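Using the hints, put the two chains back together into the complex; each one sits in its own frame.
If you want the building blocks of each chain, they are given just below.
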Amino acid sequence: AQSVTQLDSQVPVFEEAPVELRCNYSSSVSVYLFWYVQYPNQGLQLLLKYLSGSTLVKGINGFEAEFNKSQTSFHLRKPSVHISDTAEYFCAVTYSSNTGKLIFGQGTTLQVKP
Amino acid sequence: GAVVSQHPSRVICKSGTSVKIECRSLDFQATTMFWYRQFPKQSLMLMATSNEGSKATYEQGVEKDKFLINHASLTLSTLTVTSAHPEDSSFYICSARDRGRPADTQYFGPGTRLTVL
Chain B
1 AQSVTQLDSQ VPVFEEAPVE LRCNYSSSVS VYLFWYVQYP NQGLQLLLKY
51 LSGSTLVKGI NGFEAEFNKS QTSFHLRKPS VHISDTAEYF CAVTYSSNTG
101 KLIFGQGTTL QVKP
Chain E
1 GAVVSQHPSR VICKSGTSVK IECRSLDFQA TTMFWYRQFP KQSLMLMATS
51 NEGSKATYEQ GVEKDKFLIN HASLTLSTLT VTSAHPEDSS FYICSARDRG
101 RPADTQYFGP GTRLTVL
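Protein sequence lines, in the order shown, are assigned to chains B and E.
Sequential numbering from 1 applies to the first sequence in this note's numbering.
Sequential numbering from 1 applies to the second sequence in this note's numbering.
Bear in mind the hints are in silico, worked out from the structure with no lab data behind them.
There could be a bad hint or two in this list.
[Stated by the list, open to error] Below are the DSS-like pairs computed for lysine-lysine, each with C-alpha atoms no more than 27 angstroms apart in a straight line:
#: 1; chain 1: B; residue 1: LYS113; chain 2: B; residue 2: LYS58
#: 2; chain 1: E; residue 1: LYS64; chain 2: B; residue 2: LYS101
#: 3; chain 1: B; residue 1: LYS101; chain 2: E; residue 2: LYS14
#: 4; chain 1: B; residue 1: LYS69; chain 2: E; residue 2: LYS14
#: 5; chain 1: E; residue 1: LYS55; chain 2: B; residue 2: LYS113
#: 6; chain 1: E; residue 1: LYS66; chain 2: B; residue 2: LYS49
#: 7; chain 1: B; residue 1: LYS101; chain 2: E; residue 2: LYS41
#: 8; chain 1: E; residue 1: LYS14; chain 2: E; residue 2: LYS66
#: 9; chain 1: B; residue 1: LYS101; chain 2: E; residue 2: LYS55
#: 10; chain 1: E; residue 1: LYS55; chain 2: E; residue 2: LYS41
#: 11; chain 1: E; residue 1: LYS66; chain 2: E; residue 2: LYS41
Source: prediction; values computed, not measured.
Just chain E, same shape as in the assembly (with noise of 0.2 angstroms):
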């Protein structure tokens, strides 16, 4: 089956650093991925939309200059947390549609838990 990776499973950064997280779909061409955040004991919010060779689209709320989202080829999108900060952490998972399905079929990564110090 579809398979999406995320690198690195698991970070530990200090505040004010930034850390950069990697979605790959590894044996299909995504052309859309999404980021979501989900702290302790509670749901999935979506981040954000990323299409492939365009730029991200934000849900409300969410600050654009410090989640900074890459989709620069058909297998990779980046979530970038710019100068981080404790009230950051958390688990972040991302998603991705295959482009060779229906379009209500999505692929989620493992997640990668970020802790800021």
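Next comes chain B alone, as it looks inside the complex (with noise of 0.2 angstroms):
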């Protein structure tokens, strides 16, 4: 079955230190891998998306993510976190572009601290 592991529930960190936040995929030929922010009581942002080309994806508020298809992972990093960074993030894949139907990953809990 198709899946998305996020392998960290929780990642607590100082402000101003590099984080990653995990994730892996089910194996497949063709796959889209999003990343999502979520905010206390709010809907999801879009951080960034690997479609195909370069494996190094940049998002908004400097975070990216390298696409590594023997591994299956789709890892998210930021060199330098901040206290407003404090939020929910999810890994999401779609394994058709056609359907567009996604299949998210549990969640981390990013905390940072002051």
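What follows is the structure in structure tokens.
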């Protein structure tokens, strides 16, 4: 079955430190990958996406992610986090560009401490 | 940028009543809208896919008679939770695909928190 696994449910980190949020997906021939951020009681905002081309994808708010096909991973990174980055982060995948159906990971809570 | 709205943002109702949640694409036409359910501290689970002018496609395990979805126009989809019970309390989020953009482009609404007493 198609699935997305976010390996860490919570990631505490101090302000201005680097962070990596991990995401692995079940292998497929063609896959599109996304990272979304959700602030409390709000909908989802797209951080970045990988469709094709360069495996290093840059997104909003200083985030970037690297697509690694051999390891079926799409880890999210930021070199220096801010308090305002505290939120829930979801990795998602779609295996069909036609349907657009997204499969979400379990989510990772990023807690940035002063 | 593209905006998707949901109304209401919060609703509290008594057990046994029905609740309608609206999802609107404000500045684009949405051929497809998706409805998700999110329990506290959990991920989003796709409930159904709604295509304008046709019946919704429900995911396995989702009761179509309980969660009625109507996609009457290219800018509006509604989710009606019929005879709601406390276990239906959840955060419901819709998303919409922009007809004029690549198929991977999907915009999310702010969500509706349903509390059934």
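Now for the hints, and whether the structure bears them out:
Among the hinted pairs, B:LYS113 with B:LYS58 is consistent with the structure: their alpha-carbon atoms are about 24 angstroms apart, no more than 27 angstroms. Pair hint E:LYS64 plus B:LYS101 holds up; C-alpha atoms about 18 angstroms apart against a cutoff of 27 angstroms. A C-alpha spacing of about 32 angstroms is found between B:LYS101 and E:LYS14, which places the hinted pair above 27 angstroms, so the restraint is violated. Between B:LYS69 and E:LYS14 the CA atoms are separated by roughly 49 angstroms; this puts the pair beyond 27 angstroms, and the hint is violated.
At roughly 47 angstroms between alpha-carbon atoms, E:LYS55 and B:LYS113 are farther apart than 27 angstroms, so this suggested pair is violated. The suggested pairing of E:LYS66 with B:LYS49 is violated, with an alpha-carbon distance near 34 angstroms, which exceeds 27 angstroms. Our distance criterion of 27 angstroms between C-alpha atoms is met by B:LYS101 and E:LYS41, whose separation comes to about 22 angstroms. Simply put, E:LYS14 and E:LYS66 have alpha-carbon atoms about 16 angstroms apart, close enough for the 27 angstroms limit, and the pair holds.
This hinted pair checks out: B:LYS101 and E:LYS55 have alpha carbons roughly 16 angstroms apart, not beyond 27 angstroms. At roughly 31 angstroms between alpha-carbon atoms, E:LYS55 and E:LYS41 are farther apart than 27 angstroms, so this suggested pair is violated. The hinted pair formed by E:LYS66 and E:LYS41 meets the criterion: a straight-line CA distance of about 24 angstroms does not exceed 27 angstroms.
When held up to the earlier numbered hints, the structure conflicts with 3, 4, 5, 6 and 10 and fits the remainder.
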